[in-house]
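Participant: From just these sequences and the hints, can you work out the full model?
Spelled out from the first residue to the last, the chains are:
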Amino acid sequence: MALELYMDLLSAPCRAVYIFSKKHDIPFTFQFVDLLKGHPYNKEYIKINPLRKLPSLKDGKFVLTESVAILYYLCRKYSAPLHWYPPDLHTRARVEEFMAWQHTAFQLPMKRIVWLKLLIPKITGEEVSAEKIDHAVAEVKNSLQLFEKKFLQDKMFITGDQISLADLVAVVEMMQPMAANYNAFLNSSKLAEWLMRVELSIGSGLFREAHNRLMQLADWDFSTLDPLVKEKICEFQEKYL
Amino acid sequence: MGLELYLDLLSQPCRAVYIFAKKNGIPFELRTVDLIKGALPVCHPRVQTDGTKSCETGFLALQGGAQAMEGSAFSSHHLPCRTLPGQHLSDAFAQVNPLKKVPVLKDGDFILRESVAILLYLTHKYKVPDYWYPQDLQARARVDEYLAWQHTTLRRSCLRALWHKVMFPVFLGEPVSPQTLAATLAELDVNLQLLEDEFLQNKAFLAGPHISLADLVAITELMHPVGAGCQVFEGRPKLAAWRNRVEAAVGEDLFREAHEIILKAKDCPPADPTTKQKLMPRILAII
Numbered sequence: 001m002a003l004e005l006y007m008d009l010l011s012a013p014c015r016a017v018y019i020f021s022k023k024h025d026i027p028f029t030f031q032f033v034d035l036l037k038g039h040p041y042n043k044e045y046i047k048i049n050p051l052r053k054l055p056s057l058k059d060g061k062f063v064l065t066e067s068v069a070i071l072y073y074l075c076r077k078y079s080a081p082l083h084w085y086p087p088d089l090h091t092r093a094r095v096e097e098f099m100a101w102q103h104t105a106f107q108l109p110m111k112r113i114v115w116l117k118l119l120i121p122k123i124t125g126e127e128v129s130a131e132k133i134d135h136a137v138a139e140v141k142n143s144l145q146l147f148e149k150k151f152l153q154d155k156m157f158i159t160g161d162q163i164s165l166a167d168l169v170a171v172v173e174m175m176q177p178m179a180a181n182y183n184a185f186l187n188s189s190k191l192a193e194w195l196m197r198v199e200l201s202i203g204s205g206l207f208r209e210a211h212n213r214l215m216q217l218a219d220w221d222f223s224t225l226d227p228l229v230k231e232k233i234c235e236f237q238e239k240y241l
Numbered sequence: 242m243g244l245e246l247y248l249d250l251l252s253q254p255c256r257a258v259y260i261f262a263k264k265n266g267i268p269f270e271l272r273t274v275d276l277i278k279g280a281l282p283v284c285h286p287r288v289q290t291d292g293t294k295s296c297e298t299g300f301l302a303l304q305g306g307a308q309a310m311e312g313s314a315f316s317s318h319h320l321p322c323r324t325l326p327g328q329h330l331s332d333a334f335a336q337v338n339p340l341k342k343v344p345v346l347k348d349g350d351f352i353l354r355e356s357v358a359i360l361l362y363l364t365h366k367y368k369v370p371d372y373w374y375p376q377d378l379q380a381r382a383r384v385d386e387y388l389a390w391q392h393t394t395l396r397r398s399c400l401r402a403l404w405h406k407v408m409f410p411v412f413l414g415e416p417v418s419p420q421t422l423a424a425t426l427a428e429l430d431v432n433l434q435l436l437e438d439e440f441l442q443n444k445a446f447l448a449g450p451h452i453s454l455a456d457l458v459a460i461t462e463l464m465h466p467v468g469a470g471c472q473v474f475e476g477r478p479k480l481a482a483w484r485n486r487v488e489a490a491v492g493e494d495l496f497r498e499a500h501e502i503i504l505k506a507k508d509c510p511p512a513d514p515t516t517k518q519k520l521m522p523r524i525l526a527i528i
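Residue numbers (the working numbering), protein chains in the order written: chain A, 1 to 241; chain H, 242 to 528.
For the record, the hints were derived by calculation from the structure and aren't laboratory data.
Among the clues, some could well be false.
[What the hints assert, rightly or not] Taking lysine to any residue pairs in the SDA-like style, the calculated list, with each CA pair at most 20 angstroms apart, reads:
| hint | chain 1 | residue 1 | chain 2 | residue 2 |
| --- | --- | --- | --- | --- |
| 1 | A | K61 | H | R381 |
| 2 | A | K58 | A | H24 |
| 3 | A | K77 | H | D371 |
| 4 | H | K366 | A | H90 |
[As the list claims (entries may be wrong)] If you want the ones that stay clear, here's a sample from chain A, every Cβ over 10 angstroms from chain H, calculated:
| hint | residue |
| --- | --- |
| 5 | E4 |
| 6 | K43 |
| 7 | I70 |
| 8 | M215 |
We put the CB at the ideal spot given by N, CA and C, even for glycine.
Facilitator: Dropping the structure here:
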């Protein structure tokens, strides 16, 4: 049986795995696990991934979660061009450094903006306080500044002249707030130029295709949202917002 | 200058790096950082021609965050070590996020943060035994999977447990509501269960029959709430057995040495008002 990837392209980590797989013509079956319909909580999916998170990879009997682990796995198994995950000690370390840092410093703030500016208001019908939003925006701006200073600096890509897994993971995370009409690339020409380079390296068609569902999120009819998803959102809100 | 590791053993990720380096006989110079005091490292101050003492590694630049990524900036800042008057603890320190500025690896001009990246760097550079980060595709993926998962889950719970149970009330003199503490401990419980059910399962170690980076990272995290007096292993015989195996694989003496500081966390004296004032906003931003 071919490789199966369980994903919903609303999720940034899923987009990273999707783009990488398509870019390298890795044969896989796209198993759509609809976040908006609460599918991660279905019995069938829980059997695949008891942690109920996306993405998941299933390679025969082998099941793997966590997009970073999946990307490393795919890189190695399918012998992706070396620049994606360079063998040089220092260059590789830079990729690993970003991949570790981004979990808390990058992914969370980017997600938070979407929750506060789009999802919570659409689901509960109540606007989130300006103060909370301002704080979340400040956090995103801080993350972006750190990204520019620590990782991108004056290079074309994070590791130098070529795209790597780090750029891929970074770009999909930075695209997330677009769903809430927040353009993370607006205030920095450096980031905007980097985005263009990354998009070109990936291929504009693939990049756009991967982000289609995200860009349409605001137009989705939230009144049809699965009640279980609503419940999970409220839990998430309490914990992280 | 050889490998330098900037560590404060109060910090979970630092302990993992410390144990790994010592266990594998990796030669390094320990630069002890005291996060709480926000002090400069206990390294070797030398007296300059003008009589001021300076730290040969310019640690203050390191604390400045972004600057530390540039090797040249790092080595060009020579600042007094421990003789720095209060008013100079300014912008660089003002940005210090004490719980995220360690560990740091410095290998010549190369500076690396993030404990997972540091552990992987040491693994690649020093050719450690295969079981730490197996060559086998799927075995390695299991280690990567745990190392990725733990950032926002177990690490978060363990950090919050320590701060809500001990550091806020005892060290900072800031009371924590019973509800907040209960919520934190409940979250820790959930993550401990996930650790057992989804990662450990019926294996000897998290990624298979041998110890790996995953176990090292996990155990050093769990010692945080243990240091806070939480009964992490009580009622969890599977996890307790795993802990014993990990400790045996690491070596009891090394394990004890690495955890000496955290196990005394409950007994730390209260912070003085200036330290408290400086630390509070930064801590609140992360906890």
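Participant: Each hint: holds or not?
Facilitator: Verification of the supplied hints:
no.: 1; hint: K61/A / R381/H; verdict: 16 angstroms, holds
no.: 2; hint: K58/A / H24/A; verdict: 18 angstroms, holds
no.: 3; hint: K77/A / D371/H; verdict: 18 angstroms, holds
no.: 4; hint: K366/H / H90/A; verdict: 10 angstroms, holds
no.: 5; hint: E4; verdict: 15 angstroms, holds
no.: 6; hint: K43; verdict: 17 angstroms, holds
no.: 7; hint: I70; verdict: 8 angstroms, violated
no.: 8; hint: M215; verdict: 26 angstroms, holds
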